[in-house]
Structure formats: C-alpha cells, structure tokens
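Use the sequences and the hints to build the structure in full.
Reading the sequence shown from the start, the letters are residues -23 to -1, 1 to 188 in mature numbering (1 follows the signal peptide of the UniProt record, and there is no 0).
Worth double-checking, as some hints may not be accurate.
What follows is a list of derived Cβ distance ranges for each label pair [stated by the list, open to error]:
hint	residue 1	residue 2	range
1	G157	G88	17 to 25 Å
2	E149	T20	23 to 31 Å
3	R154	K43	41 to 49 Å
Calculated directly from the structure, the hints in this document are not laboratory data.
Even for Gly, the Cβ is constructed at its ideal location relative to N, Cα and C.
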Amino acid sequence: MTHTLRATLAAALLLAPLSTAVAAGTARTLTYQILMGEDPIGTETVTVEPQGDRTKVTVAATTWVKVLFINFRYDHKREETWKGATLESMRATTDDDGTPHSLDLLRKGNGLTLTADGKASELPGDALPLTLWTPEVLKRPNLISVIDGAPYKVAARAVGTETVEAGGRKTEAKHHRIEGDVERDLWFDAEGTLLKTRFKRSGYDITYVLK
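The following block contains the structure:
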C-alpha cells in the first residue's frame, strides 16, 4: 500500500452538519463507517458543539488495513472552531502508520497562517482544509490536506439528485463532485448533512457512510 492511500484513508473527513447543530443549540455526534471496497477498515466520529456565537467541531478517525500480511494503521484527531461559515482555527494531529504530523491553522486579518510539521506559511483567506462535513467546501477553490497541509486547487460541480442508503434509511441526496488536485464524490441531504463520500486511490475504492 502506498503512502498516498494511507494518507487519504481519513482525509475525506465526513461529518455532522454545522447548520443543523447550531439551529438545535445542542451538541451532535455522527459516526461513519470507512470501507475499502466492501470491507470495513475503520470509523470516524465527529461532534459539532455550539458555543455561543461559535461552533467547535471535533473529529476522531481510525483506520486499520491489512494488505499482503502487512498491517497499516492511521489515527487522526482534529479540532476546528467556526464562526458562522468562517473557519477561525484548526488544530490536527495524525499518526500515519508511524509517521507523525501536526497542523495549526489560525485566521489573522484577511488571511490564514498555517504551521505544518513546524513550517509556517501564509494562505489566502478563502482557503479551507479538506473538511468535507460542510457544504462550504464546495465553494472553495483553495483547499489543503488536513494531514500535512498540502495545497489543492479544485473546482466543484453538481452531479444530480440520488437516493443514498445511509444512517439506516434511504434518503434523497445532492451528489457533488470535487475535481482537480484532489477528487471526492459527496452526497449531502437537504439539511447539509454529509451522508456519504467516495474516492479512489491506488486502485482501491474508499467510501465513508453514515452509520
């Protein structure tokens, strides 16, 4: 298995709808099953917690894969702070099969300061991590990896409306596709909840589905 596959097993972080959680005024946690083909390889949980005029999003993802008698493991933890549709900060740590990564992202004025594995850089204010839980990601041409801060130039387009089986039921969902330096297929329900995402790496189909 390549580093690219291991690094992207949880890069499509799938998560709870910010707008729904804020409207309800209570914390909400969603759990997603991660599949490689038809085989379960891990889980991801996301908690969206309103805190006054801000919202804290906490993500924890773990995957484990066995290929040709070799075990690979991935652990990722991330905390985001939002004010409305604006990301104010993000902190993430990742153990990518023994390789550690750390990210700190902070909004300063009209831009963002990123520190990735100890190296600082400046990003445009419209940049966003590849946090697929929010439909806001469909509006941004500048994305970055939540693992190592790698930049992605992308464009998103609507594919159509489809029925998706997720969360124990069938739901009408809007299918969108992100294309460019990174590719993802995303299915959101009418409230903005991400029901499913799918992408391909090194010949493997990786799918996240709401449990």
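Now for the hints, and whether the structure bears them out:
no. : hint                   : result
1   : G157 - G88: 17 to 25 Å : 22 Å, holds
2   : E149 - T20: 23 to 31 Å : 25 Å, holds
3   : R154 - K43: 41 to 49 Å : 30 Å, violated
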